[in-house]
Amino acid sequence: MKSKLDIIFNIDRRIIFLFIFIAVLVPFLIDFNIPIVPSKNVKNIYNKIESIAANGGGTVLLSFDFDNASAAELDPMARSLLSHLFMRGIKVIGMGNWPNGVELTKEIFASMAKEYNKVNGIDYAYVGYKSGVQLLMINLSKDFQGAFPTDVRGEKTSEIPVTKNIRGIKDFDYVISLSAGSGGIEEWVIYAQSKYNFDFGGACTAVMAPDFFPFLNAGQLNGLIGGLAGAAQYEALINKPGEAIKGMKPQSVAHIILILFIIFGNFCYFYGLYSNKERRES
Amino acid sequence: MNFWKKTLPLTIAFCSGWLGIMLDYIPHQASDATMNATTKGLTVVVAIVAFLGIYSLLQMHYVKIKRQNSSWGYSVMIWIGFLFMFIFGVYNSGQWFWNAQVEGATAIDWLYRFIFTPCQATMFSILAFFIASAAYRTFRAKSIEAGILLVCAVIVMFGMVPISGVVWEGFPDAAQWLLDYPNMAVKRAIYFGVALGGISTSLRIIFGIERSYMGGGE
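From first to last, the protein sequence lines stand for chains B and G.
The first sequence lines up with residues 6 to 287 when you count with the numbering used here.
The second sequence lines up with residues 6 to 223 when you count with the numbering used here.
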């Protein structure tokens, strides 16, 4: 027969699910503030955009390499980056390496453009998705208009005011990939940045962020926004609280619960070892 | 027969491999132009290959439905999902697929927003629950190495959320240090290993030593 301790130690996973559910739900209902301190990697992207604006503006390429599955983390990043770029009067060209992200990106562009009174074709353009990832990156680096002859509306990129002077990747003042997996930051670094040496920043899901530290250290990435926490830091930098800052409360509490479970699990493990040893000795 | 099955594919692989290397390392106008034309052409090939993928997927699920294998109901859902998206995508609100996608509240937009998006978001969000359960059951300090890993994981996990700075302002710095140095060093070593493996595999394919891509029993 199982002892009470055994029952507690072999806790049903549904109870753990319940704890996580409460940890996510309750912080939404209780009002408390957590100070957000931006990290140096997030600040680097912010500073780069500020420096483009200080030099009279320019054009930035945003590569939306994600879809709905990771939108919880990357959608707030995309919105805060676009807010910052639009606030500073920088022109934006969007593209994507993930076919399922096209509709999502169109919606992000439309809502942000409406908020900042930006005009499609003049202040920004979205050229959509094209297959090939690595091949596309090599191709657009040399011949942007050849790689994307039209935008998603079917207008020619050689005639759209914001894209007509873009010949290759070097014509962009900054390139940022918002990446949720393969066909994102890593491919951009390997197939485009390392060859054409342009300024490149990244935004990615939290689970991917540790993969990109070698690129940061080598200077191939000038900055990185990692996960919802990174998005919250960016929102704090541009002083525009949004979904990411709201999400920090449940995420913080859920992390604490998770850590407590890990500590409790280890306590159970060592207690089990100790009691087995005691039993053998007696 | 041997020519079509063996010699020709090996020759194509050899020539394409060397062409890729030369185009990348020779800084000349002709090389640039060839690279442009090649990558553009290959982008089209990749798009065509998608049709093969779709055919393969649908064929596999058709066989499952026909044989009524276990969980064949999911295969039916795949067919239904595909047909719905395909029909409305091709129809494009009356503009058909050869025109740019119609903006606004279209059927495909509705399917995307209210079926595809919630399904994907649900799949991704339930991971949090499974991770919590798995962490509780498996993350044990069974050895010194596992103990070190456990401590590091807890520091990074806690240091990455802003509340850690409220508890102790050194937590975010400690987490950042772990990511900047030990993590970076290990990742760099992995990348080097992968790159060397990639180079050696590429050379084996170019020189015809590695032939598994041609299929068959060799």
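Honestly, the hints are just simulated from the structure, not real lab data.
Idealized CB from N, CA, C, for every residue including glycine.
Please note: incorrect hints may appear among the correct ones.
[What the hints assert, rightly or not] Not the full set, but computed from the structure, chain B residues with beta-carbon under 7 Å of chain G:
id : residue
1  : Leu23
2  : Ile25
3  : Asp36
4  : Asn38
5  : Asp204
6  : Phe218
7  : Leu263
8  : Leu265
9  : Phe266
Okay, the hints, checked on the actual structure:
no., hint, in the structure
1, Leu23, "violated, 9 Å"
2, Ile25, "holds, 5 Å"
3, Asp36, "violated, 15 Å"
4, Asn38, "violated, 10 Å"
5, Asp204, "violated, 21 Å"
6, Phe218, "holds, 4 Å"
7, Leu263, "holds, 5 Å"
8, Leu265, "violated, 10 Å"
9, Phe266, "holds, 4 Å"
The structure fails to meet hints 1, 3, 4, 5 and 8 from the earlier list, while all remaining hints are met.
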